Amino acid sequence: MKLFNFYSKTVKIQYRNQLCSTTTFVVSLLTLAAFVIPYYLLTSIKRGELWDNHRVVYEKPNVAFPYQYLFLAELEEVDEKSTTSVVTCSSFESYNTLTEQLHPCSEIRVVPVDTDHDQSIDHLTVGIAFNPPETTSRLTYYTFYFFLEAKVKSQCSFEVPAFISLEKQPAPASKMQSGTIIHRGVLRAKQTTALQCPFFMRNQKSHFNHRYYPNENTTLEGYKPDSISDHMRTSNPAYFELHSQQVTWKVDDSGSIDITVELSIGGVESRETALLYKTSLWWKVCQFWSGYFPLLLVALWIIDKVKRYLFEQFYLRAVEVVPWKEKYI
8 MKLFNFYSKT
18 VKIQYRNQLC
28 STTTFVVSLL
38 TLAAFVIPYY
48 LLTSIKRGEL
58 WDNHRVVYEK
68 PNVAFPYQYL
78 FLAELEEVDE
88 KSTTSVVTCS
98 SFESYNTLTE
108 QLHPCSEIRV
118 VPVDTDHDQS
128 IDHLTVGIAF
138 NPPETTSRLT
148 YYTFYFFLEA
158 KVKSQCSFEV
168 PAFISLEKQP
178 APASKMQSGT
188 IIHRGVLRAK
198 QTTALQCPFF
208 MRNQKSHFNH
218 RYYPNENTTL
228 EGYKPDSISD
238 HMRTSNPAYF
248 ELHSQQVTWK
258 VDDSGSIDIT
268 VELSIGGVES
278 RETALLYKTS
288 LWWKVCQFWS
298 GYFPLLLVAL
308 WIIDKVKRYL
318 FEQFYLRAVE
328 VVPWKEKYI
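First residue of the sequence shown: 8, per our numbering; consecutive thereafter.
Please keep in mind that the hints were generated in silico from the structure rather than gathered at the bench. Mixed in with the good hints there might be a few duds.
Stated by the list, open to error - Straight-line Cα separation of at most 25 Å, DSS-like style, residue types lysine-lysine; simulated pairs:
#	residue 1	residue 2
1	Lys182	Lys160
2	Lys231	Lys53
3	Lys212	Lys285
4	Lys291	Lys160
To be verified - Pair by pair, the computed Cβ-Cβ distance ranges are:
#	residue 1	residue 2	range
5	Pro301	Phe207	23 to 31 Å
6	Thr122	Ser161	13 to 21 Å
7	His250	Leu302	15 to 23 Å
8	Arg209	Val117	26 to 34 Å
9	Thr225	Pro119	37 to 45 Å
10	Pro301	Ile20	44 to 52 Å
11	Pro119	Lys182	52 to 60 Å
12	Asn210	Ile20	32 to 40 Å
13	Phe321	Thr17	17 to 25 Å
Computed from a predicted structure; not experimentally measured. Just so it is clear, CB atoms sit at the ideal spot from N, CA and C, and this is done for glycine as well.
Required output: the full structure, derived from the provided sequences and hints.
What follows is the structure, encoded as structure tokens:
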């Protein structure tokens, strides 16, 4: 009758020697090599960078419009270029008080669009219109800026400053007496340093300063976009700004001038809103271990085969202990 093998069990053979012996030294050296070799191999593969100190996170910020804006247009007479006028309006009471003698403009127009219905704005249209003081006045320069509230929370919660600014833009047409001007662009992230999130055993977090808003003590000089931008840039590790991509205009006979900013947020342009973060200690450990552990398993397996060969071929002296077959009652 033919017999089939249904179960097998390896015999555990032990090789023993004294602690102070050549065998102990060789085995210890091989065991140490099993842990050291993967480390140097990983270092050579990654060229000395065992983990990333920084990483880029692509995230669309959650944007809100707080109705903080300022608009100023400079006009001149078509026939008499020495005669100029200014049209301005803003949400800042102190600025309106300082400029109450100037011609006002209409209220701001805001149209948020959530394309994918994820409770986050994908496109934002902000516009303002005004009637020139005189029918013979033409637009020469205009300044338009507004603030946004931008929040990111994929790594940790941050409220990043956002400042959309068009500073002293020249009129696209030489005789812009009425018509529309549309600025299309994307929200772009700017950083002066990498962001730090808190983690276990290290409660440190990047700090953002939101005191760049004009207040009741701000002078006319402080309302200039470059002054606000400089303050925002020097007091914050990151901020969002407008990256203009296209300007279109149309001259008509409507009697009013309409200036609009169409802003895209994230989506196809997600690279523009990417932020750089410092990696935590635990992220570095996980990243190192994910590359080191597979190499360690292979090294331990190879070293085990080497030790077996050295003992079985008697290159290392040891007492071979072979267990007797156990008797079962």
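Against the structure, the hints:
Simply put, lysine 182 and lysine 160 have alpha-carbon atoms about 47 Å apart, too far for the 25 Å limit, and the pair is violated. Proximity of lysine 231 to lysine 53 is assessed by CA-CA distance (about 48 Å); at most 25 Å being required, the pair is judged violated. The suggested pairing of lysine 212 with lysine 285 holds, with an alpha-carbon distance near 10 Å, which does not exceed 25 Å. For the hint linking lysine 291 to lysine 160, the alpha-carbon distance of about 21 Å falls within 25 Å, and the restraint holds.
A hinted range of 23 to 31 Å for the beta carbons of proline 301 and phenylalanine 207 is consistent with their spacing of about 26 Å. For the hinted restraint 13 to 21 Å between threonine 122 and serine 161, the CB-CB distance of approximately 20 Å keeps it satisfied. Restraint check, histidine 250 to leucine 302: a C-beta distance of roughly 43 Å breaks the suggested window 15 to 23 Å. For the pair arginine 209 and valine 117, the beta carbons lie near 41 Å from each other, so the given range of 26 to 34 Å is not met.
One distance hint, 37 to 45 Å for the beta-carbon pair threonine 225 and proline 119, is violated here, with the actual separation near 28 Å. At about 29 Å, the beta-carbon gap between proline 301 and isoleucine 20 misses the expected band of 44 to 52 Å. The supplied range of 52 to 60 Å is broken by proline 119 and lysine 182, whose beta-carbon atoms lie about 34 Å from each other. In this structure the supplied range 32 to 40 Å is violated for asparagine 210 paired with isoleucine 20, their Cβ-Cβ distance being about 54 Å.
Range check, phenylalanine 321 to threonine 17: Cβ separation about 21 Å, and the 17 to 25 Å hint holds.
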